[in-house]
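Protein sequences, first through last, are from chains V and X. Take the first sequence: its letter number 146 is residue 155 in the numbering used here, and every next letter is one higher. Take the second sequence: its letter number 17 is residue 27 in the numbering used here, and every next letter is one higher.
Just so you know, not all the hints are guaranteed correct.
Some chain V residues well away from chain X (every beta-carbon gap over 10 Å; in silico) [unchecked claim]:
| no. | residue |
| --- | --- |
| 1 | V17 |
| 2 | I83 |
| 3 | W106 |
| 4 | A125 |
| 5 | W142 |
| 6 | F161 |
| 7 | V229 |
Each pair of labels, with its calculated beta carbon distance range [said to hold, decoys possible]:
| no. | chain 1 | residue 1 | chain 2 | residue 2 | range |
| --- | --- | --- | --- | --- | --- |
| 8 | V | G77 | X | G35 | 35 to 45 Å |
| 9 | X | E69 | V | R13 | 49 to 59 Å |
| 10 | V | G131 | X | L90 | 36 to 46 Å |
| 11 | V | G131 | X | A93 | 20 to 30 Å |
Think of the hints as simulated: they come from the structure by calculation, not from any bench. Glycine residues also receive a C-beta, built at the ideal position from the N, C-alpha and C atoms.
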Amino acid sequence: MAFRVFTVIGRDLLRDTAAYSVGIAVAGAAFAALATAQGLPWWITWAMSIFVYAGTAQFAALGVAAAGGGGLAIVATGLVLNLRHIPYGLAVGHLYWDRWWTRILGTQNLLDTTTAFALAEGDDRRRAEIAYWTTGAGNAVAWVIGNLAGMFIGGWIAEPETLGLDAALPAIILALVLPSLKDRGTLLAAVTGAAIALATSPFLPAGIPVLLALLGLVFVWPRKGREREEAPR
Amino acid sequence: MTWIDVAVLAVGTFLIRLSGPLLRGRVDLSEETEEFLKRGATVVLVALVATSSVMVENEWAGWALPAGVLVGGVLAWKRLPLAVVVVAAAATTALLRLGGVD
Numbered sequence: 010m011a012f013r014v015f016t017v018i019g020r021d022l023l024r025d026t027a028a029y030s031v032g033i034a035v036a037g038a039a040f041a042a043l044a045t046a047q048g049l050p051w052w053i054t055w056a057m058s059i060f061v062y063a064g065t066a067q068f069a070a071l072g073v074a075a076a077g078g079g080g081l082a083i084v085a086t087g088l089v090l091n092l093r094h095i096p097y098g099l100a101v102g103h104l105y106w107d108r109w110w111t112r113i114l115g116t117q118n119l120l121d122t123t124t125a126f127a128l129a130e131g132d133d134r135r136r137a138e139i140a141y142w143t144t145g146a147g148n149a150v151a152w153v154i155g156n157l158a159g160m161f162i163g164g165w166i167a168e169p170e171t172l173g174l175d176a177a178l179p180a181i182i183l184a185l186v187l188p189s190l191k192d193r194g195t196l197l198a199a200v201t202g203a204a205i206a207l208a209t210s211p212f213l214p215a216g217i218p219v220l221l222a223l224l225g226l227v228f229v230w231p232r233k234g235r236e237r238e239e240a241p242r
Numbered sequence: 011m012t013w014i015d016v017a018v019l020a021v022g023t024f025l026i027r028l029s030g031p032l033l034r035g036r037v038d039l040s041e042e043t044e045e046f047l048k049r050g051a052t053v054v055l056v057a058l059v060a061t062s063s064v065m066v067e068n069e070w071a072g073w074a075l076p077a078g079v080l081v082g083g084v085l086a087w088k089r090l091p092l093a094v095v096v097v098a099a100a101a102t103t104a105l106l107r108l109g110g111v112d
């Protein structure tokens, strides 16, 4: 059984999931340690990590609370940051839109990285599904273990910057999207989008600039789509 | 932070995550549209990499962070395994900070 699971998922994907999960465990530990240090009750910390389940928004919520922000500021900051999941769901939502329980689990599993891992499989839908669920399972387990560890060890892990963790997660996403940038249109759209995001970042709340990046898509707007759809098969 | 804040954030986030597949609808989309949506997600991911590499809370993140991401990117370009990319990116940034570059 274990061997069959191994062969279906494949060695490369398992290895990548393991590497990525280590990073997520450290991030989870950092979050729980920081939350505990800020005096957040343990059950609120767990509620965030399980039900919000979006690392960036969770760290941002702690930041807003630490800066003295109220409930409205916390919720608004987190939700605006999470708006980027809408284009993710549009791109990979069909991969788990099957039974009611895969829809719920798949929806909660929608993350920057699970999206990037699924997209990295290209047009192979079955491989994309396997990547989405495998990396998602790795993320969930690592996140829980990390949170648990962070509550107990606390202290030094609350500053993951010293470990360079903040470079590890963007590097993973970059590695996953690089192959799709060989496509000229995608590259042009992505570079334009990144430039827009960078230019607007100093002035706009976090979460908005990456959505403005979608303007880069004007270069690849599917103009010929309709003609081809109407063509006889 | 009260439990109400967390509950609203959790429900709101779930609805945001849910909206993508609901907007897609049940119909099978044409290949062109499918490709377009994938490009959209890729564009957002690249923008996320770009902004989170150079900005922390709307301010310049310092040299150590983009340097680490860049090293990871180059190794990924050379098709090295993800584990190598992750460790090299984190180590570059960590060592630069240790050396006083920030």
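ask   = Of the hints given before, which are not true for this structure?
value = 2, 3, 4, 7 and 10
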